[in-house]
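Those sequence lines, one after another, are chains X and P.
With our numbering, the residue at position 337 of the first sequence is 337, and numbering never jumps.
Take any residue in the second sequence, note its place counting from 1, add 1000, and you have its number in our numbering.
It should be emphasised that the hints constitute simulated quantities derived from the structure, not laboratory data.
One or more of the hints may lead you astray.
Below, in silico cross-link-like pairs of lysine-lysine (DSS-like), each with a Cα-Cα straight-line distance of 27 Å or less [unchecked claim]:
1. P:Lys-1116 - X:Lys-119
2. P:Lys-1183 - P:Lys-1166
3. P:Lys-1112 - X:Lys-119
4. P:Lys-1116 - X:Lys-447
5. X:Lys-447 - P:Lys-1107
6. X:Lys-271 - P:Lys-1164
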Amino acid sequence: MRESDINSLIANVPKWEELSELPTPKEIIVGGELRESVIRDISRIKKEPNWMLRLRLKAFEIWKKLPAPNWLLGVEDLNVEDLAHYVKPAVSTKNDFQSLPEKILEFYVSLGIPESEAKYLSGLAGVLDSETILIRIKEWLKKKNVIFMETEEAVKKYPDLVKRYFSKIYPMADHKFAALHYALWSGGAFVYVPPNVKITQPIEAFFMISSSLESQYEHTMVIADENSYIHFIEGCAAPMFPKYSFHDGAVEVYVHRKAHVRFTTIQNWSKRIINFNNKRSVVEEDGYVEWLEGGIGARVSYVYPSAVLRGRNAKASILAVSIANGPYIKDSGAKVYHLAPNTKSEVIAKSISSNGGLTVYRGLIYMAKGAKNATSHVQCDSLLLDNKSRSVTIPHNQVLENSADVTHEATAGRISEDALFYLQSRGLSEDESKSLIVLGFMHDLIKELPFEMANILNTVVQLEFSKIGGVG
Amino acid sequence: MSSLKVENLTVSIENKVVLRDVSFELQRGEILSIMGPNGSGKTSLALTIMGHPRYRVISGRILIDEEDITNLPPDERSLRGLFLAFQNPVEVRGIRLSTLIFSALNKRRGEKNLLKSDPQIIPLLMKNLRDVGLSNEHLQREVNLGFSGGEKKRSELLQALMLKPKFLILDEPDSGLDVDGIKITAEKIKELASQGTGIIIITHYARLLKYLSPREIIVIRDGKIVTRGGSELSYLIEEKGYEALNGDLNA
Ligand SMILES: Nc1ncnc2c1ncn2[C@@H]1O[C@H](COP(=O)(O)OP(=O)(O)OP(=O)(O)O)[C@@H](O)[C@H]1O
Ligand SMILES: [Mg+2]
């Protein structure tokens, strides 16, 4: 991305934030009371195989039985039956930008997506409301037999492959909203990387929700076969519509022997989105999963990237940065299950609370009996920008193996008045100084990102703190 | 006339009065020096002029070019041309020195993206960097983090050179500096003054003032101005200490 593009990006993002709805034509909307018929309707619209319908119905039964999680804060007004369960935009899945709805294309251009797709992505999926509306893939990936398509298409074309993983990595009974996700899932991307294929340029999926009172239950899967590599990037955006909308997505990642998956999320939903993102990976022997998570947007967000280290020497790094700027809640964390010897995990969680924001770190490190010499290090740093804001750390360790080693470090800091004064004395306003301090605090994440994404994140953070006066 | 004016300034911190009825005026291109024993209020004066939030102005005013800036936030003062080179520059984690310099310059030019690093600035930055005796490595480091005492002082000077303020307050720019550092600092101060920057040097030593021959030396004690005079004051103080001034005062 050139300097001038970055500038145009900066000029355009606020306009987008000012938008209250994104008028796009819709072909089908399924709403109302959540009954079995709703699920059957969605399944019929998708013309999906019977096994998938059965899976949905099973999830639906679980949803009905499970109690609402008692640890949820800030979603008191969430009533899924007020929402559209399925919204199909009036576009068929297409392979070129020109067939996107006009407003969507405009937005893509303002974010520089077509250009970065051309320059540095191996593939791009666009999801709008409940459907995947764009899939682009570079020729060489096809030649290497990489599968990259919307999840529904994979269900139909590669049922055996999908069945082996679908809902096997992230269990539907994990919590009520996970069950709901599986009952209503729609849209998302499926990637399969064959053995020994290394995809050096990332594949990106970009998610948008266009209007109020919608729900998006996208399901994304990344299957990395032996000794393969992929970097998958997820981005999200939504306008500031008058009411709220609900995102309850899932990401399932399977890392086979010696494979390496890096999964990066830049979550920049508008402050009207209630966001659940159920992310889990299973890692086989000598495999490596990295979760990088930048949680900036959303009114309330619940995200806990997790890894099940199933094979010897499997490794997980989870780096999560979340910002709660204003009366918002970012509940995040990481979970790692060490099930085999010599497995290793590292978690770095950084949170920033400002203007009355609340950040919560909820973590779990589980060391199974027999996970000999497994090690885990968890580092939680929180930064409070003022006295109104709060941060809570709830780490949890369950160690059943004597030779395993779990360490936890936590720091909590308030921005120092003198550091702020120093920056202000150089001409930067209080908000600008804070945004620089925040960017510095987030450096661990930013330095891991491709240049283009790092720039987007920089911009988003600067914008976040430049409108401090007007949040809400 | 372009000037920095301090009028009858009385200031407290933590309910303790640290400055009493301090007044002086500085024109652009002029050099002033403030001396005084430890704890006499020199740094308090500098920080108050810059707008540190912990110092409370009880009475009096601060003016830049006749505009009352007493109640402006520090960044607004900075944008009006004021710069403070700190006695004890604070460590700012997470921000590189280069980022700070580019951001401060971008802000002044109305550039929206504060992080933009304009390649046109780089030659000047490199020159100033060399002149103050720092290296590229310092630029890439977090602001003041692990900088030695002298390096911090050089970094403050570098920032001043890049921002070219109308009025520059240097709070003990010479403490912790080696001989070469002092020479460079003196030269750079002279250079800035000749280009129209009004300069206040807070110092305990005559050696820097020897190079600079300030128009006036102001001595403060217990927050009050007790003596004003020419360069000879600095020699007197250096030789005989502040006690020597007592006679002068009592006379
Ligand atoms: N936060 C504070 N709380 C209480 N007293 C303070 C505070 N900050 C400064 N002071 C006091 O104000 C007085 C003036 O301090 P100041 O730092 O201005 O002195 P100075 O003239 O710069 O001294 P030095 O030559 O040692 O740098 C001192 O008595 C100091 O202890
Ligand atoms: Mg001092």
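Each hint, compared with the structure:
1. Between the alpha carbons of Lys-1116 (chain P) and Lys-119 (chain X) the distance comes to roughly 22 Å, so the proposed pair stays at or under 27 Å and holds.
2. A distance of roughly 22 Å separates the Cα atoms of Lys-1183 (chain P) and Lys-1166 (chain P); the hinted pair therefore holds under the 27 Å criterion.
3. About 25 Å separates the Cα atoms of Lys-1112 (chain P) and Lys-119 (chain X), which keeps this hinted pair within 27 Å; it holds.
4. Distance hint between Lys-1116 (chain P) and Lys-447 (chain X) is fulfilled; the C-alpha atoms sit about 17 Å from each other, no more than 27 Å.
5. Our distance criterion of 27 Å between C-alpha atoms is met by Lys-447 (chain X) and Lys-1107 (chain P), whose separation comes to about 24 Å.
6. The straight-line distance between the Cα atoms of Lys-271 (chain X) and Lys-1164 (chain P) is roughly 41 Å, outside the 27 Å bound, and the hint therefore fails.
Violated hint: 6 only; the structure is consistent with all others.
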